[in-house]
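Knowing the structure of chain A, use the given hints to seat chain B on it.
Respectively, the protein sequence lines represent chains A and B.
Residues in the first sequence are numbered consecutively from 85, following the numbering used here.
Residues in the second sequence are numbered consecutively from 46, following the numbering used here.
It is worth saying that the hints were derived from the structure and are not from the lab.
This structure is a prediction, so every number in the text was calculated from the model and none was measured.
For glycine and all other residues, C-beta sits at the position ideal for the given N, C-alpha and C.
Do not take every clue at face value.
Claimed, not checked - If you anchor each label on the Cβ, the simulated ranges turn out as follows: (1) M229(A) - N109(B): 32 to 40 Å; (2) V158(B) - H272(A): 52 to 60 Å; (3) Q182(B) - G419(A): 54 to 62 Å; (4) L226(A) - T129(B): 23 to 31 Å; (5) G209(A) - K97(B): 39 to 47 Å; (6) T68(B) - E314(A): 43 to 51 Å; (7) L226(A) - N109(B): 43 to 51 Å; (8) L251(A) - A80(B): 29 to 37 Å; (9) G209(A) - T129(B): 45 to 53 Å; (10) P179(B) - F208(A): 47 to 55 Å; (11) L251(A) - G185(B): 51 to 59 Å; (12) V158(B) - G419(A): 20 to 28 Å.
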Amino acid sequence: MRSTVETHRMSGFPVARVTGVVLLLLALVIAAFLHLSLGAKEIDWMTVWHALFDYNTADMDQVIIRESRQARLIVSVVVGASLALAGVMMQAISSNPLADPGLLGINSGAAFFVVASLLFFPMFGQGYVPVFAFLGAAFAALLVMMLSGWEQGSERLVLAGVVVTALFSAMTAILLLIDQQGLEKVRHWLTGAIGASDLKKLHWVYPYLICAMVGCFALVRSLNAFHLGERVAASLGVNVLLLKVSGLALVVVLSGCVVTVAGPIGFVGLVVPHVARLLVRNSYAWLFIYSLLIGTLLLILSDIAARVVLSPYEINTGIITAFVGSPVFIALVLGRMK
Amino acid sequence: MLVIENLNAGYKNKQILKNINLTLPDGGFITLMGANGCGKTTLLHSISGLLKVTKGDVFLNETNLLGLKRKDVAQRLALLPQITTTPSGLTARELIMQGRFPWQNWWKQWSDVDEKAVNDAIEVTNVGDYLDLPLEQLSGGQQQRCWIAMTLAQDTPVLLLDEPTTYLDVAHQVELMNLIASLKSKGKTIIAVLHDLNQAATYSDYLVMMKEGKVFTQGKVKEVFTKENLSSVFGLNAHIITDPYNDTPIALPVVTSPDNLAQTTDLNNRQQMHYA
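Only chain A is shown next, with the shape it has when bound in the complex (with noise of 0.2 Å):
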């Protein structure tokens, strides 16, 4: 028998995990700077150290890096954090690893309303547009629900995705068709395009953002239980409901500001989070801080490669996430499967 009884600590300072994400972090800085010396042009690094910290517009190449790429390299780190947080949540609130707001056609349904708005009611300014993006991802998602009944981890979530993204690209493909030069810009803007003039549409939704990232926060306490079980948390004390519900209202906001600043942008949601639980197996204080590193990293590595594979064309960066992406979501069925 033991006669003294043993104490556990239950907490101590996360040293590996803190150093993964000052390794992380370092990781993001070289790629943020790679992003602003690679492109079209080269730059070399000390152009581009000049150009950040001492700034002169008469030279060209600091004013390409100013001008167009630094704003590229922002747009790209907001999007990358903002999907891997939707990603991470809707995986969460669903229980299921395949959820995705591309996959299941939250961001389409953001992106035709934003097209039917543009089309439809131009008196509305320009600020509207994240509003639209919202509504359009909000009738997407009680869409994918309802369809799909809200079953923990089944496969008719993602089915119900697929058949609503189609519904909503085929619908945005019949108002290109309408309104063709009209929507000739939009056309880019729908295949995931990073672009500098996007830095200008982040100012409408950066107050969204920010009040969804922090609502991803609080909820991290319920999903850690939520984790648990969907009875279990019930017991532990958690509003299940209330959970899933403002839990797809981040999504959609944060769907929906990525949809307004770079169009439909899919599979980061969907790979990030699965990439993260591999370094961060079950916090979600942590799963959420690693995935948004990972996201932005992935982001501004799928931009670098975006302007350089196919230099001097450039590619949109959506499909170099997808290029990227569904291979690890044919890898996640087949290790469904099994």
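Coordinates of chain B only, in the frame set by chain A:
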């Protein structure tokens, strides 16, 4: 004391619980019994607020639980539902720590009280040896001990356990039942749904027999665990004898008489011959 008054509950169009009235004493082991679908689980879920009741009240020491917030209920009463899936990526320790959820919030995270409650739960359930192992690597019995530890960490006077021994092999079932019965000495009131009649009779102080959404009968084990009641509630024909070691009643199902048995064997043989 847990008092249930005129409780009605159900799902969508189907009423399951019909006018349940119960007064359950403190500090005992109470078992809900009944055939499948009689509403035992529904009753546990209604008491703990997982299911909205259509009518009625649940009082715990004169506080109406149904009027409380979810978290406030969870501070008074812990429910361990039937666990069907193991949460991925969690260690035993992390699972048990979740039991402190109802006592924490954003500005009051991990306190000494939490630390003590979790340590006590670990000691009582004796799971200290595998605290840092992932749940997936533990046996069913070990996992169930961890779930019980989590429920204990919740530090409530009342524990509701929904078939805690299902899916375990016999030795682990007995071990777990001994553990659960030992919680009485910590002053806990245990309300459990058990499938095994003899387990229920051996470990409980008080039995509630349910039939078709109503309380059929209730009382001390020896008074209620009778041939007549088992027949009415379960449709089971059984002899009742007394366990010479525990002095508790035991049900021995009546086996068809040797004549009938012979006839059945005969029939089987004939059928087999027919097929041959």
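Taking the hints in turn, this is what the structure says about them:
no.	hint	result
1	M229(A) - N109(B): 32 to 40 Å	33 Å, holds
2	V158(B) - H272(A): 52 to 60 Å	58 Å, holds
3	Q182(B) - G419(A): 54 to 62 Å	19 Å, violated
4	L226(A) - T129(B): 23 to 31 Å	28 Å, holds
5	G209(A) - K97(B): 39 to 47 Å	45 Å, holds
6	T68(B) - E314(A): 43 to 51 Å	31 Å, violated
7	L226(A) - N109(B): 43 to 51 Å	35 Å, violated
8	L251(A) - A80(B): 29 to 37 Å	47 Å, violated
9	G209(A) - T129(B): 45 to 53 Å	52 Å, holds
10	P179(B) - F208(A): 47 to 55 Å	53 Å, holds
11	L251(A) - G185(B): 51 to 59 Å	45 Å, violated
12	V158(B) - G419(A): 20 to 28 Å	42 Å, violated
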